[in-house]
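2 protein chains.
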Amino acid sequence: MTRNWLKILAVVAAVVVAGPASLAALDGFRGTGDLGIVIERGSGSVQIFETTARTRLAQVKGLGDLSHASAVFSRDGRYAFVFGRDGGLSKIDILAGKLVKRILQAGNSIGGAISQDGSLVAVSNYKPGGVRVFNSHTLEPVADIPAVYGSGGELSKVVGLVDAPGQRFVFSLYDAGEIWIADMSVPSRPVITKYKNIGELPYDALITDDGRYYIAGLFGEDGMAMLDLWKPEKGVRRIMDGYGRGEKKLPVYKMPHLEGWARAGDLIFLPAVGRHEVLVVEPKTWKEVGRIPVHGQPIFAVARPDGRQVWVNFAHPRNDTVQVIDTESLKIIHEFKPGKAVLHLEFTPRGEQVWISVRDADRVDVYDTRTFKRLQTLIANKPSGIFLTARANRIGL
Amino acid sequence: MTRNWLKILAVVAAVVVAGPASLAALDGFRGTGDLGIVIERGSGSVQIFETTARTRLAQVKGLGDLSHASAVFSRDGRYAFVFGRDGGLSKIDILAGKLVKRILQAGNSIGGAISQDGSLVAVSNYKPGGVRVFNSHTLEPVADIPAVYGSGGELSKVVGLVDAPGQRFVFSLYDAGEIWIADMSVPSRPVITKYKNIGELPYDALITDDGRYYIAGLFGEDGMAMLDLWKPEKGVRRIMDGYGRGEKKLPVYKMPHLEGWARAGDLIFLPAVGRHEVLVVEPKTWKEVGRIPVHGQPIFAVARPDGRQVWVNFAHPRNDTVQVIDTESLKIIHEFKPGKAVLHLEFTPRGEQVWISVRDADRVDVYDTRTFKRLQTLIANKPSGIFLTARANRIGL
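Just so you know, the protein sequences line up as chains A and B, in that order. With positions in the first sequence counted from 1, the corresponding number in the working numbering is that position plus 63. With positions in the second sequence counted from 1, the corresponding number in the working numbering is that position plus 63.
Keep in mind the hints are simulated off the structure, nothing from the lab. One or more of the hints may lead you astray.
Copies of the same chain look alike in the list, so a pair counts if it fits in one copy or across any two.
[To be verified] Below, computed lysine-lysine pairings styled on BS3-like, alpha-carbon distance capped at 25 angstroms: (1) Lys394 - Lys294; (2) Lys259 - Lys190; (3) Lys394 - Lys347; (4) Lys297 - Lys394.
Kindly produce the complete structure, drawing on both the sequences and the hints.
Structure representation (structure tokens):
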């Protein structure tokens, strides 16, 4: 009997130590620095992977409608917060490979952010229009910021929500044409600063990687709205006036993602709207200094972390192709066709690999960014956004 | 008997799950994104801490002479590689809180680096002069690069070793006045590119955060040597000629650390040598555009990750003070005295906290970078360098 118990003891201990088989090393430990997730639209799930041996680790299901889903990470790299289109906010333990909690916080939402100190998760909602803020530990509600505008108490859809230094969130009101800053220093009492008349129909926004400049794209006008968060008293000013948005010569198949902006060396690269071009902008003056003809309407234009290359994917029907721009020569140095519906690109933080989701091929491909060779392929169910835990260490992601 | 066994089983399982008491949460998992280590010179140990609740987690001893020690991290954030002055290279499992392996790889060394893909750890040695490269998994030797120069086969001390994109290491030969690039694409057969006559006595170097510019300080001349790694064929050129190094009007108590450079917005901040000044440099032209008078001879001038502030510490005998420079106004906006012998400063990756080691007070203090309030104090044995796992995600650290 004693011997049997010892056997059971050994088995139990081994199982306990190992956790979910593939997730932790045999001694029960695993670092989180090389982990990531890919959204699987087809199955309402995320797949967890690691970038060292480039293997799949686990799948977490039951996350609802994940079309246009995105994610942020806890400051310790252990938890992913996934924002679904259906208003779902899911907290996933990527080390344990399981769903910790899921709430339906609104009827229709469009992304989120995590505060500088990691304590607050904010979601931007279409319905009801506004931002809701949750405790990142418990997902309990902390603050509700309805996007009220005008005189009739209407609520605006909210887009372009980002975190900024100083425990702030910044976001744009699509219907109202406003930019708001929410200072969350006292979490239950957000201090809101509103900028009105910033331009018509801001549809998305970006924040520079130092957290200084917040820039909203305008669907209703031919220009962008820029707020210098170091000088908020100066207000919002128009930049890139007449940059081509208003020409409307080509049908716009899909609005580009402004989060897919790229700073490389002294230049910023932005996907043009509705045109087969990537815009080159000089960030000191915010003037356009060049345009690079590309294969289709660009969706994401993402800089390799060292800034030497910008990788671009495209809107339907030209979405089977990726082009690589050299940021010194501004020439396209490589082009390839990973497959139908290339939806997203994510670099490892030091830039040696890029992970690419190919939705219609049900594949995530990993490429060496120097040789352009494919290193690995993972099977995934209609993969879209790819997010690495390294984002936890970045401002504005 | 069965009941007793159940009790034992429960206890064993609990211990196994918890691992070293403070290191893992009760379910055996812990993310590594918020971990860090501080070098304890007094006891030849490192202390492991986390930055969320700001608590000490463990101490790892037996690391030899840790004066002037530094560290890099594995790409998964689990392991720290500590470079000791005595030639010791220690691999620490920071999740388990234990020393995995320690080798004495040389007689006298001065820092190291980890390759872009995380597979190689390189150490720069004074004695025997050169660089030795090890497998990061096993610490087995992979390549030996003796710093041979001149006609007599002498070996030069090696300083300023950094990693660069493309699986390269870059370093300077102090005695030879050379800069070498080692391409480690085939680890056992490094391809070395040598730049000779770069200037007298390079004593330290920095690489910009995009991995493009490698800049060596020259002890023997009044200028710095710069290599553009995007245009290596152009060779090394002299920058900041006559910037004041050669005036020698003040005794130099301690050479500044060039790794303690700071890019903030469009400017670079460098500690002056031997002068009570921080130099402001315009990185497009590499010309000095200003000098900021400070409290003493600066050692580190480190940018808060959003670039809005630069924090400066000083050489003996003025090393009890820290000053904070606002990078917009170039004015000192805050000054305080943490205690005697402030040796190092490390920001959390999104900049809300700064960790400061106060050697002679045996303290590590944590400050809120917005309010300048002290948030926490940890006891440490003659603390010096502080290193957070977020460095694993950065180029050149």
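Results of checking the hints against the structure:
no.	hint	in the structure
1	Lys394 - Lys294	between (36 angstroms within a copy, 16 angstroms between copies)
2	Lys259 - Lys190	within (21 angstroms within a copy, 65 angstroms between copies)
3	Lys394 - Lys347	both (23 angstroms within a copy, 21 angstroms between copies)
4	Lys297 - Lys394	between (37 angstroms within a copy, 21 angstroms between copies)
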